[in-house]
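Chains A and B, in that order, are what the protein sequence lines are.
Letter by letter, the first sequence follows residues 15 to 249 in my numbering.
Letter by letter, the second sequence follows residues 15 to 249 in my numbering.
Just so you know, these hints were derived from the structure itself, not from any lab.
Because the structure is a prediction, the values reported are computed rather than measured.
Heads up, a few of these hints could be off.
A pair holds if it fits inside one copy or across any two, identical chains being indistinguishable in the list.
[Stated by the list, open to error] Below, in silico cross-link-like pairs of lysine-lysine (DSSO-like), each with a Cα-Cα straight-line distance of 30 Å or less:
id, residue 1, residue 2
1, K21, K138
2, K21, K200
3, K190, K218
4, K132, K67
5, K160, K67
Protein chains: 2
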Amino acid sequence: MAAEDAKILGTWSSPFVMRTMIALNLKGVEYQMIEETASPKSELLLKVNPVYKKIPVLIHANRPVCESLITVQYIDEAWSSGPTILPSDPYERAMARFWGAYIDDEWFPAFHGVSKMKGEEARKASLERVLEGVQLLEGAYLNFSKGKPFFGGDRIGYLDIAFGCFLGWIRFKENKYGIKILGEDKVPGLAKWAERFCLETAVKDLMPDAEKLAGFSKVLAARYKAIAAAATAQT
Amino acid sequence: MAAEDAKILGTWSSPFVMRTMIALNLKGVEYQMIEETASPKSELLLKVNPVYKKIPVLIHANRPVCESLITVQYIDEAWSSGPTILPSDPYERAMARFWGAYIDDEWFPAFHGVSKMKGEEARKASLERVLEGVQLLEGAYLNFSKGKPFFGGDRIGYLDIAFGCFLGWIRFKENKYGIKILGEDKVPGLAKWAERFCLETAVKDLMPDAEKLAGFSKVLAARYKAIAAAATAQT
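Based on the provided sequences and hints, a complete structural model is requested.
Structure, rendered in structure tokens:
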């Protein structure tokens, strides 16, 4: 498949965008990355994702696919090259979808709340929910992997991608706040899994290190500050 | 497949439970309904859905499947009997999943907000979002159905189930508040679709009429009032 057939509208720092990139890498699909600056949102983004106006958008043969976990499933079904990403058994597929939705609907909002911008009380409450969440995900990991290295068994699959995309940001927050989210004492399975995941061929060139994310985080904070100041000046 | 192999933990008034029932009906699967009273939540519910503690739960061969749209996909994949529920084309499947998620994540919270319990201002704002949502869903319906009667084409499929399950409650709110959500002037496609959907064999015995829901709504309101009074008495 020629590179021009698959384009991703996104940016390197987004874990959700990384899901799409990892899935295409697994399938051996070349793609073109179109950098979305997001401030203001590009006309292309508004056109291809008018409902949510969010990245990533996969544009495959000029047709957009939105929402990262839906996109990962689409990539698995649209390209028969490479390994399958979802489990083949219907029950395991349902469980993979369940935990994928849990990560996005429950775990990520808590993880997002682990930030000083939200205030110290809210940050602590969020961290507690994040730690409860990784306990649940440790259980899911043990169930799925059955002693093998990944959620997907011998190779990475849907849940590896769904949770693994956050590892750069997890390390960044662990460093920044002096906390441990994937501690070997609490979640030994996930702690080892995280190391293996980052070394995978489809992943290793994509995973941003904590230092790069720290720099980006400062740019983001300055941008939010400028937006807030502009809003205050207008009122 | 014997009836005891498939059980639904749920209740007749829940649109999310109805999704599971319609999907099993489409596949010609007999199932046992286990009524969840929800106040307090049953031990079975806490055991089979410890993460969300919500209905419906499909229990198939003693294994629980939670989250109604994940369950509908599971039913489609686990039973090869009957028609397929999701589209066969990968792109159409992705679009069906996209709009299914839109219904649950965006449309339903707005629809839930169309209630006097939330206050008049909030009710009006919610109604506006509901009406914007049905406009988007009208567009999706026209794209999917391509002049045929259902989102699924000649027969009902994933999005018919995902949105159709709300028709009883839509009619109830239309009656109660003197509003029109699926008005033939605004969304002519969906207005006609709604009539057809309710007449389908897999649906017609399940769809509660607005009057029955009005009675149930009064019971619910009394229950919430009692819970609020008990909470006030404790403080």
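Evaluated hints:
1. In this assembly of identical chains, the alpha carbons of K21 and K138 never lie at most 30 Å apart, being 39 Å within a copy and 40 Å across copies at closest.
2. Neither within a single protomer nor between protomers do K21 and K200 lie at most 30 Å apart by alpha-carbon distance, with minima of 39 Å and 36 Å respectively.
3. In the homo-oligomer, the alpha carbons of K190 and K218 lie at most 30 Å apart inside one protomer (22 Å), although the nearest pairing across protomers, at 57 Å, exceeds that limit.
4. Taking the shortest alpha-carbon separations for K132 and K67, both the intra-copy value of 24 Å and the inter-copy value of 28 Å come in at or below 30 Å.
5. In this homomeric assembly, K160 and K67 come within 30 Å of each other (Cα to Cα) only across copies, at 26 Å, whereas the closest approach inside a single copy is 39 Å.
Checked against the numbered hints above, the structure breaks hints 1 and 2 and satisfies the rest.
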